[in-house]
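The listed protein sequences correspond, in order, to chains A and B.
Per the working numbering, the first sequence starts with residue 520, numbered consecutively.
Per the working numbering, the second sequence starts with residue 520, numbered consecutively.
Calculated from the structure, these hints are not laboratory results.
No experiment lies behind these values; they were computed from the predicted model shown.
Misleading hints may appear alongside valid ones.
Said to hold, decoys possible - Far from chain B, some chain A residues (derived; all Cβ distances over 10 Å):
{"id": "1", "residue": "Lys532"}
{"id": "2", "residue": "Glu533"}
{"id": "3", "residue": "His618"}
{"id": "4", "residue": "Arg635"}
{"id": "5", "residue": "Gly636"}
Unchecked claim - Computed footprint of chain B on chain A, listed as stretches where at least three residues anywhere in the stretch have a Cβ under 8 Å from a Cβ of chain B:
{"id": "6", "stretch": "543 to 551"}
{"id": "7", "stretch": "577 to 583"}
{"id": "8", "stretch": "662 to 669"}
{"id": "9", "stretch": "692 to 702"}
Said to hold, decoys possible - If you only want the chain B side, here are some residues facing chain A, beta carbon under 10 Å, derived:
{"id": "10", "residue": "Glu533"}
{"id": "11", "residue": "Phe559"}
{"id": "12", "residue": "Val602"}
{"id": "13", "residue": "Gly636"}
{"id": "14", "residue": "Ser660"}
{"id": "15", "residue": "Ser672"}
{"id": "16", "residue": "Val688"}
{"id": "17", "residue": "Val697"}
{"id": "18", "residue": "Gly704"}
For each residue, glycine too, the CB sits at the ideal point set by N, CA and C.
2 protein chains.
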Amino acid sequence: MSATTATTTRAPKEPRNGVNTPVLLATINAVKETPALGKFQFRATNRWVDGTYSESRVESFSGAGGEHVHQSDFRYAADHPAVLVGQDRGPTPIEFLLHGLAACITAGIGNIAAVRGVTLTSVESRVEGDIDLAGILGLSSTVRNGYERIRISFTIAGDAPPEKLREIVEQSRARSAVFDVLTNGVPVDVTVNTR
Amino acid sequence: MSATTATTTRAPKEPRNGVNTPVLLATINAVKETPALGKFQFRATNRWVDGTYSESRVESFSGAGGEHVHQSDFRYAADHPAVLVGQDRGPTPIEFLLHGLAACITAGIGNIAAVRGVTLTSVESRVEGDIDLAGILGLSSTVRNGYERIRISFTIAGDAPPEKLREIVEQSRARSAVFDVLTNGVPVDVTVNTR
């Protein structure tokens with residue numbers, strides 16, 4: 520039995536895992552036909568409050584040929600913990616990268632499983648990042664500022680053999696936007712205005 | 520007047536900007552004397568709910584020679600927006616990178632200004648990331664999956680000349696953990712368990 524036959528048998532074009540698979544496939548086709556629809560810009564604004572504490576808002580983005588406003592007022596705090604002389608009113612900024620990584624690969628797992636006709640029962644992950652603060656504290660010229668290594672471990676269950684479940688995770692990793700940015704880096708331009 | 524004189528005049532070792540400057544400087548000295556204290560591990564766990572929606576918890580970390588639990592139960596959702604066939608129950612995972620970047624450089628600005636004896640009145644930033652979804656949708660072999668470019672713009676005000684305020688932002692950028700990870704990348708290990 521070929522993979523194609525197996526896929527067809529499992530009705531990949533029906534909604535599954537909470538994914539509207541027909542709409543997902545139609546969206547991919549729309550971007551294929553009109554590449555400009557795939558150009559997105561995501562945004563956040565941040566406001567310093569005091570010490571190491573600040574708050575961000577994630578309100579709008581552009582893409583699919585237009586401007587969009589998120590349906591909720593997404594606000595996030597960040598701070599340093601007490602051992603780093605903050606007040607722990609939010610996670611440290613770098614902890615949000617771990618959430619982004621786990622959530623990105625997990626979202627892809629949901630979509631890819633649906634397209635492949637696999638019904639998932641659970642996807643859990645744990646992500647860890649090692650960092651030596653000698654970098655950001657300016658105590659070493661050889662220790663980097665950021666994470667030295669990140670590890671993410673998935674535990675996945677669904678109505679497919681282990682090998683097929685592993686392939687879904689691997690395909691999601693291979694197409695993850697956050698995984699790409701974290702592993703390959705991205706140019707960041709910083710500008711400063713004073714008032 | 521040298522920079523050192525100016526700094527001394529402005530009593531850098533007193534708390535300022537909500538930063539306990541003496542404790543911050545003592546912490547840096549402690550890590551300098553005992554480098555093992557600077558080794559940290561940050562963590563998150565994530566649980567898929569349905570579709571592209573998942574939730575992360577940021578609960579504990581190790582560092583400064585011990586284990587620590589955040590004082591609050593930090594939970595974050597992520598989803599895809601409707602135009603990407605999600606339900607917009609949270610920002611997209613990659614939007615959290617923008618929050619992390621802004622918050623990281625901003626936290627450093629608060630600390631560095633305090634050490635330099637500068638009282639800040641406001642720090643605001645706007646961050647944007649450009650992404651072409653032809654990558655993650657598998658429609659192109661040349662378009663990358665992640666952001667092609669990120670721009671962050673700070674507007675800062677305080678009791679120092681514009682040039683000194685700019686230097687504070689630049690020093691924070693140069694020592695930012697998130698800026699380092701986003702621009703230089705980090706190795707990410709992915710493991711998969713099935714059940």
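**OP:** Quick one: work out the minimum CB distance from Gly636 of chain A to chain B and report holds if it exceeds 10 Å, violated otherwise.
**Re:** Non-interface label on Gly636 of chain A holds, nearest chain B Cβ at 16 Å vs cutoff 10 Å.
**OP:** Against chain B, does His618 of chain A hold up as non-interface, every C-beta pair farther apart than 10 Å?
**Re:** violated (4 Å)
Subject >> Hint check, Val697 of chain B versus chain A [nearest Cβ-Cβ separation less than 10 Å] >> reply: holds (5 Å)
Subject >> Interface restraint verdict for Val602 of chain B against chain A (beta-carbon cut-off 10 Å) >> reply: holds (4 Å)
**OP:** Grab the minimum beta-carbon distance between Arg635 of chain A and chain B and tell me whether it stays above 10 Å.
**Re:** holds (13 Å)
Original post:
Quick one, is the Gly704 of chain B hint okay against chain A at 10 Å, beta carbons?
Top reply: At about 4 Å, which falls below the 10 Å cut-off, the nearest Cβ of chain A leaves the hint on Gly704 of chain B intact, so it holds.
Original post:
Are at least 3 residues of the stretch 692 to 702 of chain A within less than 8 Å of chain B when you compare beta carbons?
Top reply: holds (count 10)
Original post:
Does Lys532 of chain A really sit off the interface, with its C-beta more than 10 Å from all C-beta atoms of chain B?
Top reply: holds (13 Å)
**OP:** Under 10 Å, Cβ to Cβ, is where Glu533 of chain B needs to be relative to chain A, so tell me if that hint holds or is violated.
**Re:** With a closest approach of 14 Å, the Glu533 of chain B hint is violated.
Original post:
Taking a Cβ-to-Cβ distance below 8 Å as contact, does the stretch 662 to 669 of chain A have at least three residues touching chain B?
Top reply: Coverage by chain B holds here, the residue count being 7 at a Cβ distance below 8 Å.
**OP:** Using Cβ atoms only, decide whether Gly636 of chain B comes closer than 10 Å to chain A, and label the hint accordingly.
**Re:** Violated - the Cβ of Gly636 of chain B stays beyond 10 Å from chain A, reaching only about 16 Å at its closest.
Original post:
Quick one, is the Val688 of chain B hint okay against chain A at 10 Å, beta carbons?
Top reply: Holds - the Cβ of Val688 of chain B comes within 10 Å of chain A, reaching about 5 Å at its closest.
Hints 3, 10, 13 and 14, counting from the list given before, are not met by this structure.
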